[in-house]
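K.L.:
Quick note, the sequences are listed as chains A and B, same order. Using my numbering, you'd call the opening residue of the first sequence number 1 and step up by one each time. Using my numbering, you'd call the opening residue of the second sequence number 392 and step up by one each time.
Honestly, the hints are just simulated from the structure, not real lab data. We treat Cβ as the ideally placed atom computed from N, Cα and C, and that holds for glycine. Be aware that a few hints might be false.
If the Cβ cut is set under 7 Å, some of the chain B residues that face chain A in the computed set are [to be verified]:
(1) I425
(2) H429
(3) L431
(4) N833
Taking lysine-lysine and the BS3-like style, the derived pairs with C-alpha atoms no more than 30 Å apart in a straight line are [said to hold, decoys possible]:
(5) A:K45 <-> B:K694
(6) A:K37 <-> B:K415
(7) B:K838 <-> A:K45
FRET-style restraints, in silico, Cβ to Cβ [to be verified]:
(8) A:Y199 <-> B:K774: 55 to 65 Å
(9) B:K544 <-> A:G71: 52 to 62 Å
(10) A:F267 <-> B:K774: 25 to 35 Å
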Amino acid sequence: MKKKYIDPYLLGTFFLLMLLGIIMVYSASAFYARQYKVDHLYFLKRHLAWLFLGLIAMGIAYSFPFKKLQGYTAIPLLFGVALLFYAGVILHGRWVFFGPIHFQAVDAAKFTLILFFADSISRKEKFMHRYADGLFPHLVYLMLFAGLVLLQPDFSSAFMLILIGVTMLFVAPVRIQHLLLTGAACIPPLIVVVLLSPYKMQRVMSFFHPEADLKGAGYQVYQSLVSLGTGGITGVGFARSTQKMFFLPEAHTDFIFAIIGEELGLFGTLLVITLFGIIVVRGISVALRTSDKFTMYLTVGIVVHFALYALINMMVTLRLVPATGLPLPFISYGGTALLFSCVYAGMLLRFANENPPGKKRRSSSRATVYSWRNTRGGKRPGSRTTRRKKR
Amino acid sequence: MKGAAVAVLGAARSGIALAELLAKNGARVLLSDIRGEHYLEYDVQPLRDMGVQLEFGGHSTQVLRAELICISPGLPLTIPILRQAAALKIPVLGELEVASWFVDAPVIAITGSNGKTTTTTLTAEILKQRYPNLLVGGNIGTPLAKLVQENPKPPAALLEVSSFQLETIANFHPRTAVIMNLSPNHLDRYPNYEAYVEAKLNILSNLTEADVLIYNDDDQYLAHRIGEAAPRKLPVSTRGNLSEGAYWKDKAIQIVSDGKRYNIPLSGTHIRGPHNRYNMTVAALLGILNEVPPEKIRQVIEKFPGIEHRLEFVREIDGVRFFNDSKATTVASLGYALQSFEEPIVLIAGGKDKGGDFSELNPLIKQQVRSVVLIGEAAGRMKNAWEGIIPLTEVADLEAAVNIAYQQSQPGDVVLLSPACSSFDMFPNYEARGRKFKDEVNLLAVKATGMTV
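Please construct the entire structure, taking both the sequences and the accompanying hints into account.
P.N.:
Written out as structure tokens, the structure is:
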């Protein structure tokens, strides 16, 4: 490791999020835990245990020489596929058990996919603009993963996998037309899938017509809005939410953001948004200043993961998107997600360390490739003329 | 069993389990319940799929065409259909008896008016050190008929048995029988105390000299009643030395058996009260008889948290501690509870009147209780018994009782729900009453502190 640069913003943000997670998981779960699990600390204890493991994992991720994985990421990928196959086809569920430990298969698989994509795209950058051997294979891998996840069935996670993969591909110098066309081609089957499943249809319908069934399908999101509204600007006070007592289901998991809104008010919710914003900004900053492509794509994948999960989770509680069941990183109660969030945090800190700020900005890959094609009229790299992107 | 026509009366947990067990063993089963199908708590469709005949809304004469009638413990023998069966000389046996035919292991049976559940649960924990696959059940939790299906070849069986179950036994033959004590209970089901005692003592009917009977030596009436019973008798006492059996002395359990002495010192236990000393002693004795090392027994007893709804600590609010003793359905139980605390008690009592004599407790009430809040049917009789001794308040429901009890209490006090009655006038069972109490206390905590955790 080079000199000890640790991005203070990232580190501070991660710890603040973890801290917020601890206190909110307790507040959101204690009442419920007393009724159903006798021990009011039931969920808190498990959350802390996973967080402890997560911190160790974060340390390992920070020290792990990821660059050495370049070229070998197909191995973890195979594990990922095997894990998803085991979960989706054999167990037909989300969780996989290894002895007493159970964890969500899709989180581990996502990790392997991000690693693989980063590796593969960074090595194939030069011909990513071609469909056949550039974009298409990656889309196939992506669809394979997403398909296996869909078998569990886990529609939301599959969707997120695709989003993360597509964003990584977008950052790569693929032709936008290719992406758009493929995307457009996927929409009809998607619509068919939703139409065919009464459960998903109900979620979508409930989203568009929330008043139709406020006691049934629309209940949870309605209560979420009540929570956020009750909080007002300063909130009702820590540990004083009444919504979580009888009204808001999944208060400690998917809807914990609503409880933050109720107890800590607008201050709390803006804090959460700001913290994730900092992760995004600092993460992109790392991506922009690193000269190693592998690192860059990894960082992109990680930032997208955090940003998308946080964004969609918050939007669900605000009734801006239909309910998905996706957790708020670091804050929602959920062991596997927490563990991997810590791993990603460790990775980001490592990449920030490897690429301390102050180095000159590297131009984007897209600009590089466009410049090749413009100077040579062909697809061969030749001598690179990198052009600074105009600000 | 194959091909035998059996009628099972009562489609509650034990009835359904028994019907399932018999059907799996080839009997032609008719399950009959007086309630309509909608009122059942458990799903009977699996039984239908097995070929069991079901009838609801009453017991028809088809029941009388059976070779054997089995009844659930809740059913009295005096209902019309059973009187007719008796006239026709059709054997009527209980679920415990019939299920025990399928148990191929030595049985330890525990009965008595109080302490059965705690002792059975604690003993189970101790015996599991030696027999991890121990079959535990009976009056507790899962009915024997269900356990037998899940665990066909256990090393031993530990059963809690009630007087109701013992009314309808025939060959039930435990190797070790335990009678905890005798005190008035279920006087709404038995014509008098004597009838209740007779039912309990049925446990002795098939015992031989090769078997062991453990009993409470401090209960003189019990010691007198078992008099000349056949099995080897091991007394248990909390008062003093015995030449054989088990007794409590100086914070330790002393056991003398087969000429050998065992000493089990206990430094700190979760369960409290003089009655629990007795329960622990019995459990330890059963452990020694089954070759569990004394050190293991000591560890298990010290760690034992007690059972739910039995002097169960709920939480503390502003220095006032709340205890859930919903399982205290007799006067004797309440008596034990009152002896278990040094602090002043605000008592919540009352419920379905089982005919106990509440004035027996007057000295204890005067000594230990600050005030009483009364609920349920029995409130009137309790008021008559305790009027003038301590302040009384009658309220309509448990929710109000909890709130008023809290108001009447002072920091350092104990608020105790120990109803001395059964719960059936206001709740489906005592567990529901206990849970409601705990919920109300938790809500009270929220109101008192403003914090919803």
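K.L.:
Evaluate each hint against the coordinates.
P.N.:
Outcome of the hint check:
no., hint, verdict
1, I425, "violated (34 Å)"
2, H429, "violated (23 Å)"
3, L431, "violated (25 Å)"
4, N833, "holds (5 Å)"
5, A:K45 <-> B:K694, "holds (21 Å)"
6, A:K37 <-> B:K415, "violated (35 Å)"
7, B:K838 <-> A:K45, "holds (25 Å)"
8, A:Y199 <-> B:K774: 55 to 65 Å, "holds (56 Å)"
9, B:K544 <-> A:G71: 52 to 62 Å, "holds (57 Å)"
10, A:F267 <-> B:K774: 25 to 35 Å, "violated (55 Å)"
Hint violations for this structure: numbers 1, 2, 3, 6, 10, all remaining hints satisfied.
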